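Here the protein sequences line up with chains A and B, keeping their order. The first sequence begins at 1456 in this note's numbering and counts up one residue at a time. The second sequence begins at 1456 in this note's numbering and counts up one residue at a time.
Simulated from the structure, these hints should not be mistaken for lab results. All values derive from a computational prediction rather than experimental measurement. Watch out, some of these pointers could steer you wrong.
Given that identical chains are not distinguished, each listed pair holds provided it fits within a single copy or across any two copies.
Straight-line Cα separation of at most 20 Å, SDA-like style, residue types lysine to any residue; simulated pairs [said to hold, decoys possible]:
1. Lys1551 to Leu1624
2. Lys1464 to Phe1498
3. Lys1621 to Asp1530
4. Lys1621 to Arg1604
5. Lys1621 to Glu1603
6. Lys1621 to Thr1489
7. Lys1621 to Ile1490
8. Lys1621 to Arg1605
There are 2 protein chains.
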Amino acid sequence: MLKEYPLQKVFTLLEPGPVLLVTTADGRKKNIMTISWSFAMSFSPVFGIVTGPWNHSFETLMKTRQCTVAVPGADLLEKVVGIGMCSGTDTDKFKKFTLSAKKAKEVSSPLIGECLFNMECKLEDYVEEHGILILSCVRAWENTTRTERRTLHAVGDGTFVADGEKFDLHEKMSEKLPFS
Amino acid sequence: MLKEYPLQKVFTLLEPGPVLLVTTADGRKKNIMTISWSFAMSFSPVFGIVTGPWNHSFETLMKTRQCTVAVPGADLLEKVVGIGMCSGTDTDKFKKFTLSAKKAKEVSSPLIGECLFNMECKLEDYVEEHGILILSCVRAWENTTRTERRTLHAVGDGTFVADGEKFDLHEKMSEKLPFS
Chain A
1456 MLKEYPLQKV
1466 FTLLEPGPVL
1476 LVTTADGRKK
1486 NIMTISWSFA
1496 MSFSPVFGIV
1506 TGPWNHSFET
1516 LMKTRQCTVA
1526 VPGADLLEKV
1536 VGIGMCSGTD
1546 TDKFKKFTLS
1556 AKKAKEVSSP
1566 LIGECLFNME
1576 CKLEDYVEEH
1586 GILILSCVRA
1596 WENTTRTERR
1606 TLHAVGDGTF
1616 VADGEKFDLH
1626 EKMSEKLPFS
Chain B
1456 MLKEYPLQKV
1466 FTLLEPGPVL
1476 LVTTADGRKK
1486 NIMTISWSFA
1496 MSFSPVFGIV
1506 TGPWNHSFET
1516 LMKTRQCTVA
1526 VPGADLLEKV
1536 VGIGMCSGTD
1546 TDKFKKFTLS
1556 AKKAKEVSSP
1566 LIGECLFNME
1576 CKLEDYVEEH
1586 GILILSCVRA
1596 WENTTRTERR
1606 TLHAVGDGTF
1616 VADGEKFDLH
1626 EKMSEKLPFS
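I would like the entire structure built from these sequences, with the hints used as guidance.
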């Protein structure tokens, strides 16, 4: 069900700006947080997310220096919002939102079986002044069996936008693309 | 045609992850670059973009510590890609792509009349190690006359996705929203 996804394409999962689910595990328990402040920053599988001590997962992420970043499809919107509205301090979010925790290969934080993509990540750097965590993806997975392929974009006012019409301009851009 | 847009809502222009056009001006000439690596980082009008010396505009942005960040609609896709494929060293991009440079109020870099939104920005910080520029928006504008309201998301492989279906979950999220 989960098929390995090439690391050289990982930045294309971040660049469009989808809502993300980030899992952590401290050995005793696992958790999930919803993140919509993220960014691609090169053609390598290194990218940034913005979070801080107000998220229960932050402490675990800083301690273990690992997390899994998952890209949910639009069919998971209710779960994505629900996950963002409760805390791992008193909630087992995998159980509450009936999501499958799958074992990762390189990190202790689980994959989310129902997401379109999962990226196993190591924490590379923490720009404390701005709350920016730089993550390096070491292995990535695609769930090719999901029917809903649209991702979600959070607007920040409680509304969300799913992917719509697609345009292919790769021929016009070929000389600036890292792969064809 | 351009109507002032509230600063408290500026983060909602960045959070969905749209492709951006960034203008600069050094007194002698003005330029535009296409940026798809950007991120919201709080509910304040402060956000990040990733760029570096490989962009002609970077030097001007660092020197003037000002820029204008514009959000183009999906109808401007060909221009957005064209702007990213040529350089301000030998091209007047406003002329080549028939875009209107409008005078900003707080910065020397022009607004782009045809874009949905324009944010006049000051450079707050430069995280050189990661190529991250932290910008603070001091005034924002909306072009309410544009018919095409969808923004674009760059995938990074030469394809783009326009905004599609919208979902409103603000009631479920109200306690975590900075405004209603």
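Evaluation of the provided hints:
1. Lys1551 to Leu1624: Cα proximity of Lys1551 and Leu1624: across copies only (19 Å, versus 42 Å in one copy).
2. Lys1464 to Phe1498: within (8 Å within a copy, 30 Å between copies)
3. Lys1621 to Asp1530: The answer is both: 19 Å in one copy and 13 Å across copies each meet 20 Å.
4. Lys1621 to Arg1604: both (12 Å within a copy, 16 Å between copies)
5. Lys1621 to Glu1603: both (15 Å within a copy, 15 Å between copies)
6. Lys1621 to Thr1489: Classified as between; 19 Å across copies, 26 Å inside a copy.
7. Lys1621 to Ile1490: Answer is between; shortest inter-copy Cα gap is 19 Å, intra-copy 24 Å.
8. Lys1621 to Arg1605: both (11 Å within a copy, 12 Å between copies)
No hint from the list above goes unmet by this structure.
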